[in-house]
Amino acid sequence: MMKLKENFFYKKKILIYGLGKSGSACFEFLNRNNDILVFDDNFSIKNKKYSNYFFSPDRIKKINFDFIFLSPGIDINNCILSKFLKKNKIKIISELDIFYKTYPNLNKITITGTNGKSTTSKLIYEVLKYHKKDVRLVGNIGNPILKEKNIKKNTIFVIEASSYQIDYSKYFETNIALILNIAPDHLERHKTFQNYVNAKLKLIKKQKKKSIALIEKNNVLIRDILKSQKFKSKIKNVDFKEYDSFFKKIKNNYFKNLSNIKNLSFVLALSNILKLDNSKILKVVNNFKGLNYRQQIVYNKKKILIINDSKSTSFSSTVPLLQSYENIYWILGGLAKKGDKLNLNKKYFKKIKAYIYGTNKAFFLNVLKNKCRSHSSKNLKNILSKLFLDIKKNKNGKKTILFSPAAASFDQFKNFEERGRYFNQLLKKYINA
1 MMKLKENFFY KKKILIYGLG KSGSACFEFL NRNNDILVFD DNFSIKNKKY SNYFFSPDRI
61 KKINFDFIFL SPGIDINNCI LSKFLKKNKI KIISELDIFY KTYPNLNKIT ITGTNGKSTT
121 SKLIYEVLKY HKKDVRLVGN IGNPILKEKN IKKNTIFVIE ASSYQIDYSK YFETNIALIL
181 NIAPDHLERH KTFQNYVNAK LKLIKKQKKK SIALIEKNNV LIRDILKSQK FKSKIKNVDF
241 KEYDSFFKKI KNNYFKNLSN IKNLSFVLAL SNILKLDNSK ILKVVNNFKG LNYRQQIVYN
301 KKKILIINDS KSTSFSSTVP LLQSYENIYW ILGGLAKKGD KLNLNKKYFK KIKAYIYGTN
361 KAFFLNVLKN KCRSHSSKNL KNILSKLFLD IKKNKNGKKT ILFSPAAASF DQFKNFEERG
421 RYFNQLLKKY INA
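Numbering (this note's numbering), first residue to last: 1 to 433.
FYI, nobody ran anything at the bench for these hints, they're computed from the structure. Certain hints may be false.
Label pairs and their computed distance ranges (CB to CB) [stated by the list, open to error]:
#	residue 1	residue 2	range
1	K386	K12	23 to 29 Å
2	R32	K351	57 to 63 Å
3	N42	Q229	38 to 44 Å
4	Q194	K369	29 to 35 Å
5	F363	K302	32 to 38 Å
6	N382	N78	30 to 36 Å
7	F363	N78	18 to 24 Å
8	N154	K398	46 to 52 Å
9	K210	I63	35 to 41 Å
10	N31	I391	51 to 57 Å
11	K132	I391	43 to 49 Å
12	K153	L365	55 to 61 Å
Taking lysine to aspartate or glutamate and the EDC-like style, the derived pairs with C-alpha atoms no more than 20 Å apart in a straight line are [said to hold, decoys possible]:
#	residue 1	residue 2
13	K353	E326
14	K206	E173
15	K395	D340
16	K302	E326
17	K129	D277
18	K62	D41
19	K202	D411
20	K230	E173
21	K12	E28
22	K393	D411
23	K49	E28
24	K234	D244
25	K256	D244
26	K11	D66
27	K202	E173
28	K83	D66
29	K129	E148
30	K428	D390
31	K275	D134
32	K371	D340
33	K378	D411
34	K303	E326
35	K429	E418
36	K21	E418
37	K89	D58
38	K280	D134
39	K147	E28
40	K21	D75
Just so it is clear, CB atoms sit at the ideal spot from N, CA and C, and this is done for glycine as well.
Based on the provided sequences and hints, a complete structural model is requested.
The structure is reproduced here in C-alpha cells:
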C-alpha cells in the first residue's frame, strides 16, 4: 500500500463543480483533509450527502477558493457559474491533476483520440493483466480514477482521457501517451477544430524528457503540428503496416476492419516498448470480445451479420466500417455533429443502402443525396421495420446490417448506451423469427 502524498491537496478550500461520477469520487477523495464546497447546475442533486456542502451561486461567487475541480461534463461557456469560472480559470483542475499530485511517481499509460479510445484502453488493460501486472483501467471509460484502492508502487494505470479531461488539466503528466487519431469532434464545446486539437496535444506538451508519445504515422495533421512545435518527450510513429505478420495470425473477426487494426497497432507498439510477449498478446487478441455498442457483432448467422456500433457519433468513426464490409444496410441518424463531413470514396457507396432516422434526418439525406439509395423515418423502430422488409426481398449473398449512427444520441436517447440497448431489443423481433 502506497503512502499518499497529501501536502498538495491538504487543508485547501476547494469547490467541486459537477456531481456525476467524477465529482462524487473527487468529493470522497478530498473531503477528509480539505474544506470542500460543492455545486451542480442540477439543484435536485442536493441530497443528504451534500446538504452541508452545497452552496448557492451567489455565496460561491464571494468565496476565494484555492482550487476549483471542474467535472469534464461541465462546459465553462454554458453553465450557471460561467462568468465566475472564467474569472478564476487559473484555479481550475481535473481529477487527473488530483491523481497525479497524489501519486506523481506511478506508471501511467494515457490514451486519447477522436475514435477508438475505449477499445484500445480495454485491450491494453487485458494484455497487461494477462502478463500478471497490477493494472487498473480508469478514466473516461467509466471508472473514476480517484476511486481506486490498494495502490502499490508497481501499479500501472491505463487511463482513457477525453479532450474535456485533458483541457481542464493543469498538472497531469503521463509516462506514455497514445494519440490514436484526430478528426473534427466536439466542436459545439471546443468552438474550433484547432482548440480541439490543442486539447488533445496538451497531453504530450506536459510530458518530460523520459516520457514517450505514440502517434499515427500517416496522420498529416498531427505530424505537421509536432514539426512546428517543440516537445520534450520522445515521439514514435505507429504504422499499422509494420505489424502485418502479427495480423495474419489473428482468428478474431472483431479485427477485420481497419479501425480496430489501427487500434491494435498502437497496442503492439506499446507492447514493444514494455517488452511484452507477442504469443501472450495474440491469445488476448483472439479472445477479445470488444466493448458493448462499439463495433459489436451481435448476430452472425443465416447470411446476416449485424453490428451494433451505437458509440459512433461522427462520420469519421463510421467510415472504416463502411470500407470493411459488403452489401451494407447502414442505419444512421440522431443529432449531427457540428462541422462533421463524410469523407468516403464513391466506390464504396455502390454497396450501401442507407436507413436514416432522428431529428437531423434531413441533414443526412442531403449528405447522401445522389450517392446511395436512402430511406428515412422519424425513429429507429420504424426504420428498422423498413430495413427488414427490404432484407426479405433481397435473397442474394450475405448482408451486413450496420447500426453506426454517426451522430449524437441525445435527440431520442439519454446516451449511446441506451441507444445501443434499444437497438438490441428491437432486433429480437426479427432475428428470432
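Hint-by-hint comparison with the structure:
1. For K386 and K12, the Cβ-Cβ distance of about 58 Å falls outside the hinted range of 23 to 29 Å, so the restraint is violated.
2. Distance hint check: the CB atoms of R32 and K351 are about 59 Å apart, consistent with the given range 57 to 63 Å.
3. For N42 and Q229, the Cβ-Cβ distance of about 39 Å falls inside the hinted range of 38 to 44 Å, so the restraint holds.
4. At roughly 30 Å, the beta-carbon separation of Q194 and K369 lies within the given 29 to 35 Å, and the hint holds.
5. At roughly 34 Å, the beta carbons of F363 and K302 sit within the given window of 32 to 38 Å.
6. Range check, N382 to N78: about 33 Å between beta-carbon atoms, so the 30 to 36 Å window is met.
7. Range check, F363 to N78: Cβ separation about 22 Å, and the 18 to 24 Å hint holds.
8. For the pair N154 and K398, the supplied restraint of 46 to 52 Å holds, since their beta-carbon distance comes to about 48 Å.
9. Our hint of 35 to 41 Å for K210 and I63 holds, since their Cβ atoms are close to 40 Å apart.
10. Look at N31 against I391: about 55 Å separates their beta carbons, and that is inside 51 to 57 Å.
11. Separated by about 47 Å at the C-beta atoms, K132 and I391 satisfy the suggested range of 43 to 49 Å.
12. Restraint check, K153 to L365: a C-beta distance of roughly 57 Å satisfies the suggested window 55 to 61 Å.
13. Restraint check for K353 and E326: satisfied, since their Cα atoms lie roughly 11 Å apart, inside the 20 Å limit.
14. A distance of roughly 6 Å separates the Cα atoms of K206 and E173; the hinted pair therefore holds under the 20 Å criterion.
15. The suggested pairing of K395 with D340 is violated, with an alpha-carbon distance near 35 Å, which exceeds 20 Å.
16. For a cut-off of 20 Å, the pair hint linking K302 to E326 stands: about 15 Å separates their Cα positions.
17. Simply put, K129 and D277 have alpha-carbon atoms about 12 Å apart, close enough for the 20 Å limit, and the pair holds.
18. Only pairs whose Cα atoms come within 20 Å are accepted, and K62 paired with D41 is accepted, the gap being roughly 18 Å.
19. Restraint check: the Cα-Cα separation between K202 and D411 comes to about 32 Å, which exceeds 20 Å; the hinted pair is violated.
20. Distance restraint check for K230 and E173: the Cα-Cα separation of roughly 16 Å lies within the 20 Å cut-off, and the hinted pair is therefore satisfied.
21. For the suggested pair K12 and E28, the alpha carbons sit about 15 Å apart, so the restraint of at most 20 Å is met.
22. The suggested pairing of K393 with D411 is violated, with an alpha-carbon distance near 31 Å, which exceeds 20 Å.
23. The hinted pair formed by K49 and E28 meets the criterion: a straight-line CA distance of about 11 Å does not exceed 20 Å.
24. Only pairs whose Cα atoms come within 20 Å are accepted, and K234 paired with D244 is rejected, the gap being roughly 25 Å.
25. A C-alpha spacing of about 13 Å is found between K256 and D244, which places the hinted pair at or below 20 Å, so the restraint holds.
26. Between K11 and D66 the alpha-carbon distance is near 10 Å, which keeps this suggested pair within the 20 Å criterion.
27. Between K202 and E173, the direct Cα distance comes to roughly 10 Å. Compliance with the 20 Å bound is thereby established for this hinted pair.
28. The suggested pairing of K83 with D66 holds, with an alpha-carbon distance near 17 Å, which does not exceed 20 Å.
29. Proposed proximity of K129 and E148 is supported: the alpha carbons are some 16 Å apart, at most 20 Å.
30. Distance restraint check for K428 and D390: the Cα-Cα separation of roughly 17 Å lies within the 20 Å cut-off, and the hinted pair is therefore satisfied.
31. In summary, the hint linking K275 to D134 is supported, as the alpha carbons are separated by about 16 Å, within the 20 Å threshold.
32. Proposed proximity of K371 and D340 is supported: the alpha carbons are some 17 Å apart, at most 20 Å.
33. Between K378 and D411 the CA atoms are separated by roughly 11 Å; this keeps the pair inside 20 Å, and the hint holds.
34. Among the hinted pairs, K303 with E326 is consistent with the structure: their alpha-carbon atoms are about 12 Å apart, no more than 20 Å.
35. As the CA atoms of K429 and E418 are separated by approximately 18 Å, the hinted pair is consistent with the 20 Å bound.
36. Using a Cα cut-off of 20 Å, the hinted pair K21 and E418 holds, with the two alpha carbons roughly 18 Å apart.
37. For the hint linking K89 to D58, the alpha-carbon distance of about 18 Å falls within 20 Å, and the restraint holds.
38. A distance of roughly 16 Å separates the Cα atoms of K280 and D134; the hinted pair therefore holds under the 20 Å criterion.
39. At roughly 8 Å between alpha-carbon atoms, K147 and E28 fall within 20 Å of each other, so this suggested pair holds.
40. In summary, the hint linking K21 to D75 is supported, as the alpha carbons are separated by about 16 Å, within the 20 Å threshold.
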